[in-house]
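This is what each chain is made of:
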Amino acid sequence: MPRPGFVLEVDRSTPPTLFWHGEGFRMEKLPAGRSRVVYPAEPLPAIKDVDAAIRQALLHPVDSDPLPALLFPGMKLTIAFDDVSLPLPPMKAPDLRQRIIEAVLDLAAAAGVDDVHLIAALALHRRMTEAELRHAVGDRVYDAFAPRGLLYNHDAEDPDGMALLGTTPQGEDVEINKRAAESDLVVYVNINLVAMDGGWKSTATGLASYRSLRHHHNVHTMRHSTSFMDQHRSELHKSNWRMGKVLRDSGPKVFQIETTLNNETFPSPFEFLAKREWEWNARERAMFVGMNAGLNRMPAKAKRRIFHGLRAPYGLTTITAGEVEAVHRITTERVYEQQLTPVEGQTDVLTLGIPYICPYNVNSIMNPILVMCTGLGYFFNMYRGRPLVREGGVVIMTHPTTNEFHPVHHPSYIDFFEQVLTETTDPVEIEQRFEKSFAEDEWYRHLYRTSYAYHGVHPFYMWYWGSHGMQHCGKVIIVGGEAKSVRRLGFTPASTLDDALEIASDVVGSSPTITHLHNPPLVMADVR
Amino acid sequence: MKALQLDRKPARFVAANLVSRLAPGRGASYGPLALTDIDPPELPGAGWQLIRPRLSGICGSDLSTVDGHASRYFEPIVSFPFVPGHEVVADDADGRRVVVEPVLGCVARNVTPVCPSCAAGHLGGCERLAFGDLQPGLQTGFCCDTGGGWSTFMVAHESQLHAVPDDFSDEAAVMVEPTACAVHAALRAAVEPGDLVAIVGAGTLGLTTLAALHRYADPGTVVMAAKHPEQRRLAKELGADVVCEPNELGRWVRRLSGSLAYGNQLTGGADRVIDCVGSEASIAESLAVVRPRGRVTLVGMPASVRLELTSLWHREAELVGAYAYGTETVRGVERRTFDLAFELVQSAGLERLVSARYRLGDAATAIEHAAAAGRRGAVKVVFDLRMEKERNR
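Chains A and B are the protein sequences, given in the same order.
First residue of the first sequence? That's 1 in the working numbering, and the numbers climb one at a time after it.
First residue of the second sequence? That's 1 in the working numbering, and the numbers climb one at a time after it.
Restricting the straight-line Cα-Cα distance to at most 16 angstroms, the calculated cross-link-like pairs of lysine to aspartate or glutamate (EDC-like) are: (1) A:Lys484 - B:Glu245; (2) A:Lys475 - A:Asp426; (3) B:Lys227 - A:Glu418; (4) B:Lys236 - A:Glu423; (5) A:Lys76 - A:Glu182; (6) A:Lys484 - A:Glu404; (7) A:Lys178 - A:Asp158; (8) B:Lys227 - B:Glu248; (9) B:Lys2 - B:Glu390.
Don't read these hints as lab results, they were simulated from the structure.
These numbers were taken from a predicted model, which means no experiment stands behind them.
Let the sequences and hints guide you as you build the complete structure.
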């Protein structure tokens with residue numbers, strides 16, 4: 001029986017705590033008597049016979065006819081699937097998407113369906129490369145569909161490739177991929193890493209355009225999503241569900257397939273990174289010391305290559321198919337079962353170790369804007385109830401935060417960093433003054449459509465993503481970050497955690513209470 | 001009289017060239033510049049008078065000369081030994097404050113008839129810089145007959161003198177000559193209303209050109225590449241719409257012009273680029289960000305540079321120089337550049353650009369300061385002659 005997540009009260013005998021620090025680590029001694037560490041649960045048991053579970057889900061869906069009953073000769077079938085941003089790190093081959101898509105295609109073939117398209121539902125993310133697509137769907141599917149133009153990346157800027165399905169009562173445009181919109185059936189293949197993934201967000205966001213996304217990817221929505229991971233208190237969730245209603249009423253039939261994963265995040269020999277520090281054995285301690293020493297001497301590129309080469313041995317814990325909302329209710333419960341950890345009350349300070357990866361830098365560089373988004377957008381929002389840090393408290397992150405950007409993946413991020421953040425870091429002002437010109441920039445549009453660049457507006461979304469955290473906190477400090485970049489983000493640089501706590505004392509006094517969210521593997525706090 | 005004099009000493013020029021590569025401005029200590037006691041220059045003829053400098057600026061061209069980097073192009077149009085200093089506010093023979101317009105054109109040289117350029121009022125284009133009653137010298141401060149502002153006395157022709165209004169401080173007055181260069185450059189750039197203009201460099205020339213653009217042209221957006229924090233602050237104050245680091249200029253211009261790109265090459269670009277640095281890198285950058293058929297105006301004094309000109313050819317861009325001043329046409333009216341400069345110095349408060357004053361005896365420190373002005377938070381460094389004893393005898 002796996003142990004659930006738990007909260008460790010730090011005392012004098014507590015060993016130093018592991019903090020992620022980009023492509024490296026820091027061991028930090030948290031102040032005894034007033035610090036606590038929220039540890040993730042151990043991995044839930046994985047389903048042993050994945051193929052049987054997939055077949056079971058397709059044949060016995062919730063609130064829907066079995067998939068074979070929805071398939072008929074002459075129909076248009078579109079299989080959409082989550083893009084490279086999920087899961088993190090990428091999973092060991094074979095990817096779950098491959099196994100599910102192969103099962104769906106087998107059923108489609110048996111039903112005589114021959115008009116099938118496969119679409120990577122990447123919204124405004126960068127296009128997936130051939131290697132990434134092959135990893136996601138497998139060589140067999142790739143070779144059968146891609147050469148004939150039947151497996152491709154969603155293109156939200158294709159003037160002939162989008163269809164407006166209608167608007168919500170709140171006036172939100174619902175525009176999705178035209179092929180999907182005109183299909184008799186859309187099968188959506190999801191990998192649910194956190195509670196906000198999946199549901200109507202899969203189609204209403206993954207297959208949407210800027211015209212549609214701007215209705216919920218904005219500062220107002222983000223600030224009124226407390227948190228993203230709590231459907232009942234997420235404006236983002238509500239907007240997607242309103243759009244989902246338009247999709248259900250005016251769009252194609254959607255057969256949703258959602259999967260949940262356990263916490264098996266790190267492959268051998270790095271599994272110990274998921275263990276509690278005092279449980280590391282001598283071999284693991286020696287390995288950590290050696291690894292850290294090696295990493296500290298390694299050039300950034302080499303470190304990046306090592307970390308981005310990691311493939312997670314995730315285990316499947318649930319697969320559910322059928323009607324979107326019914327499926328997602330089950331998925332969410334299962335995600336909570338793995339990730340939710342009860343925590344009593346808030347603290348003055350929240351510390352976060354920011355790792356090398358987030359959804360938007362797979363095989364890429366964690367640039368300063370993504371550091372902000374990962375800390376204040378993702379990790380800060382890993383709560384239900386109340387944030388782990390009190391309003392006006394301090395968030396302390398650890399990350400090198402170098403002024404380094406992937407020139408192919410993140411061109412508009414570079415301009416955002418240089419041209420927007422030098423003017424203001426206020427999300428509202430940024431949205432009003434700059435968003436439109438970036439979103440409609442012809443060059444970014446061209447790079448998004450033909451190269452491997454995130455859409456011009458994407459860095460804005462990253463900034464908005466962290467706007468709730470930014471508004472909530474009195475100060476944000478980055479330990480070990482490049483000072484100039486940290487200041488550009490509007491944050492305060494510090495060399496050590498002790499320095500950071502000293503700096504934080506201006507806001508929270510000299511003996512603040514502290515919570516460290518020991519992420520990853522992912523843990524979500526249920527704050528009472 | 002006390003003067004900083006520059007003599008033709010090739011070995012000293014070589015030493016200055018070498019040492020200044022390690023520490024710009026250090027040529028003042030190792031090069032051919034020396035503080036000397038010499039006789040005041042004789043009056044070259046009718047219309048000339050002895051004047052007493054009050055303030056005299058240190059210009060980029062002076063630094064280049066002192067550090068031994070100036071182009072050999074100038075050899076036929078300078079005469080040694082000379083006293084540098086062409087940005088001068090002085091007391092004339094009648095005790096009035098005057099600003100010197102230093103170009104030594106046909107009138108000052110007593111050349112008759114005057115050359116076509118001088119006849120047209122384009123003094124900077126004078127074709128007789130090595131002829132007439134004076135030894136060669138493109139300007140006061142580069143001619144052995146006239147002396148220069150880095151001394152307690154010099155001579156000037158009446159045609160060179162502009163009376164300083166009473167409400168002008170000496171600091172404002174010493175900014176008139178560099179501002180006149182900037183006014184000429186801004187007009188030479190031929191900016192059309194609404195144009196996207198990029199200015200490379202935010203030293204004295206860059207900042208005064210920015211001010212001139214706003215007063216005498218009608219640019220749409222002005223983006224300025226400035227290296228140092230104080231330069232960036234001043235650029236904002238003087239009206240730059242965008243102030244960026246030099247390495248960010250290309251990306252700014254791309255976005256502001258709505259350009260696409262081939263790799264790092266823009267498909268479009270700025271309508272006008274004004275290069276106020278004049279280095280190999282700045283000219284290359286200027287050519288990289290100008291739009292097809294756009295214009296790059298070279299204001300900063302270059303020397304020998306190596307350039308890739310394929311884009312100039314392919315994009316049919318213009319590369320034009322902007323030197324000195326004379327007569328300008330502003331909104332259909334002909335005006336003397338210096339008159340426009342007086343107006344601009346006052347309206348834009350350009351006296352604030354004078355950052356530091358030094359006595360002649362501190363020349364080495366002054367020149368090193370001027371050479372590192374941007375980095376040290378300064379803009380214009382000047383010699384202050386007002387307290388020199390012999391001047392006030």
